[in-house]
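Novice: Chain residues, written in single-letter form:
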Amino acid sequence: MVRIKSPAELEELRKGILSKRDPNKPCITLCSGSACLASGSGEVAASLEEEIKKQGLRDEVDVRKTGCHGFCERGPIIVIHPEEIGYFQIEPKAVPEIVSQTIKEKKVIERLLYTDPSTNEKIIHESEIPFYKNQERLVFGSNGSIDPTSIDDYLAIGGYSALAKALSGMTPEQVLKEVKKSNLRGRGGGGFPTGRKWEGSRNAPDEIKYVIVNADEGDPGAYMNRSTLEGNPHSVLEGLIIGAYAIGAHEGYIYVRQEYPLAVENVGIAIKQAEEYGFLGKNILGSGFDFTVKVHQGAGAFVSGESTALMTALEGRVGEPRPKYIRSNIKGLWNRPSVLNNVETWANVPLIINKGAGWFIQFGTEGSKGTKIFSLVGKINNTGLVEVPMGTPLKDIIYKIGGGIPGGKRFKAVQTGGPSGGCIPAELLDLEVDFDELTKAGSMMGSGGMIVMDEDTCMVDVVRYFINFLTDESGGKCVPCREGLRQMYKILTNITEGKGREGDIELLEELSETAIEASLCALGKSAPNPILSTIRYFRDEYEAHIKEKKCPALSCKELISYYIDPDKCQACMICLRKCPAEAIDGGKKKIHIIDQEKCTKCGTCFEACPPRFGAVQKISGEPVPLPIPEEARIIARENKER
Amino acid sequence: MSEIILQIDGREVKAREGMTILEAAQGAGIFIPTLCHHEKLEPYGACRICIVEVKVGGWTRLVVSCVYLAEENLVVRTRSEKVDRNRKTILELLLAHAPDSPKLQDLAQEYGADKDRFEKVASFCIHCGLCVRYCAEVKKKNAVGFVDRGIRKEISFIPEIASKECWDCKECFPLCPTSALQAAYVLTEALTSSSPSFGPALEE
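From first to last, the protein sequence lines stand for chains A and B. Heads up, the first sequence is in our numbering, so the first residue is 7 and it goes up one at a time. Heads up, the second sequence is in our numbering, so the first residue is 233 and it goes up one at a time.
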């Protein structure tokens, strides 16, 4: 690689790369993000390579292993360009056919296409699938078309042109002004105006300043930062360099958790390549601006995602939040002005510089501009990463993009903003998702996690899960958070086990209040959100658990019993044979009965009973009916045959 | 250092720039309860019992006085309904650990905290960090530290260091508000009793 010394040389290089690429040459892109790798995309890649060689097509077709396409539910995903034919859930055995039919014969293989479940129509083009069609993939869109380990791929789609523009045509003040004008708000949680954060650091008198990428994403079920860093690391790096230029920093850090090995690897490769081309280092693009960046691997503490804890960890100490009342953009890492932004925030910066704040603010709402990437998981048909303009109605995300709830179940709630976000109920499905609306509803944007729950989810139990997560992941430094969460978890556990007492709801509220008012950092201050939002929207569920010892969702083990309806039991022996506790009594023609003493409530019988019988039932809050008399249990043969 | 004037509980209080609210209050003889504070140690801000109400620019907010710096014209209230309520809950949470600690009992009486409000926790340690920080900041030995995080966080002596340094020091013992520290020490001693290095230094 040659070092690029000016924006003009960069354009020359770009032209050179593009001239060697024939847009009409077939190119197979294969999603190789962490999710698809887990569902076998590595094997698919191997067989693609082998098959192309075998069929003698090595010079006729390109294979590109890209980052996450987002539609993880249907991975591994193959998209064949230039026609943009999308094939889903590809197994290695389908590869020979793809190569011989689609690449050689230009024929579409119907069975590998996406079928729209509502119309049963086969959809050829990836972008026409409802999951993608209803998104606005400004930040995440390029993921599917570039190989993250190839800087040339990034340059081919216009990469580093924003950097060239900023360094050659704009002063740092102008860059800052543009970002301020865009009203970009931090994508990591708090939604603090990015421009204002930058300005604070820029104006701080200290000579040495830092810029930092927060890639310590640790919410259960959230992986948008991971996928961005894995799939398009240069976009984050480019944003970071531009930010450094704007505030006058010459050193940057990428704090990425070590549980994200592919992200660590790809960002490392990206830095090396950017250094070789001269986008990092001394005198970047001949501008006189110097900037270097280092990767720091986090040791997997959720609390280290908190800005001051992250900086403490970068300094080589235990990742605990600082108690100081001074913003880290004034005194942060090693007490120097430090701008810490989330992966997604940084990835937005090149777009804003390239296309202008005016373009950016056409997306989103009054208070929240641009788009947001959400990780849509849980009880949802189309699990994956989705990017939509701020202000998109929640129901569009859940139904139009997410494809609704599996198994025809009813949507109950969605937890947004990670473990310290809140639960938003069905009656708020029209909510237009942005920073302020989510806060108003008692939740938060967080980094964009969305965990969907259906009617079978017990809200008290799910809150117990989140609070348990937080008891593990709190830094454990301050009392309202550490001790408050410890007691909240105990109270919630008691409620789900039928040991709840009158006054527990009020006690939870009181502990929440102290955690919000007196905790040291944002983790403690936001930790009660799941509790308070569910008390607000699902108070009746708490009360049913406490007063009637009943779990309305029939989920809390201690509060439910399994019962076989004698009128429906066909004495088929299926549940009896499968019961691991040998708790079911019965025979071939003898109605089955569950011995409640022996039953471990594992639910195997409930799952095993054929739906056409539906004899096994869950009951809660009422006594199990007594077994029918022994003589009534015998089913007459003709009865059964009929 | 320039002098600033602020108001604490309706009284005008003089302070030097860089002083915390707590230091300013203590200088004026105004009492604010503390548990994790120690004049020889860096402000830690962990127990949150020294929480006070401040009025800045017309806004009232709760801050911890051991960390928040005194500002010119700052209006501070060391007691209020909100402050007292938070202190009461904090005390009740700590009393679940150490119901018999005299220091906690005194404060509990003042704030009406019920020592049996919450289910008891099987450790006397209230994580004030006085021992850990004293050993690190004053003695510079790091013989005792915190291990783990969240609700599993606890103090622990590092046997390799403790066996050399602690026998003749034990300056951290009287700092502990609940005596949990001594239990941790004895445990370490017991676990390492087979090691001849744990004990009084032998005349050589």
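Careful, some of the hints might be misleading.
[Claimed, not checked] With a Cα cut of at most 30 Å, we get these calculated DSS-like pairs of lysine-lysine:
#1 A:Lys496 with B:Lys347
#2 A:Lys337 with A:Lys300
#3 A:Lys505 with B:Lys352
#4 B:Lys371 with A:Lys337
#5 B:Lys373 with A:Lys555
#6 A:Lys496 with A:Lys604
#7 A:Lys531 with B:Lys371
#8 A:Lys330 with B:Lys371
#9 A:Lys505 with A:Lys11
#10 A:Lys330 with B:Lys373
#11 B:Lys246 with A:Lys337
#12 B:Lys335 with A:Lys531
#13 B:Lys402 with A:Lys496
#14 A:Lys505 with B:Lys347
[Claimed, not checked] Just some of the chain B residues that point at chain A, by a computed CB distance under 7 Å:
#15 Leu273
#16 Gly277
#17 Ile283
#18 Tyr300
#19 Ile322
#20 Lys352
#21 Ala354
#22 Ile383
#23 Lys385
[What the hints assert, rightly or not] Simulated DEER-style distance windows between Cβ atoms:
#24 A:Lys139 with B:Glu304: 16 to 26 Å
#25 B:Asn374 with A:Ser133: 56 to 66 Å
#26 A:Gly48 with B:Asp332: 51 to 61 Å
#27 A:Glu49 with B:Ala354: 28 to 38 Å
#28 A:Lys446 with B:Phe405: 31 to 41 Å
#29 B:Asn374 with A:Ile332: 47 to 57 Å
#30 B:Val307 with A:Thr445: 26 to 36 Å
#31 A:Tyr331 with B:Ile262: 16 to 26 Å
#32 A:Ile332 with B:Ser234: 52 to 62 Å
#33 A:Ser124 with B:Asp316: 51 to 61 Å
Hints are computed from structural coordinates only; laboratory data are not their basis. Note that this is a predicted model, so its numbers are computed, not measured. Even glycine gets a Cβ: it sits at the ideal position worked out from N, Cα and C.
Novice: Quick check: which numbered hints come out false for this structure?
Specialist: When the structure is compared with the hints, numbers 5, 7, 9, 13, 15, 20, 21, 24, 27, 28, 29, 32 turn out to be violated.
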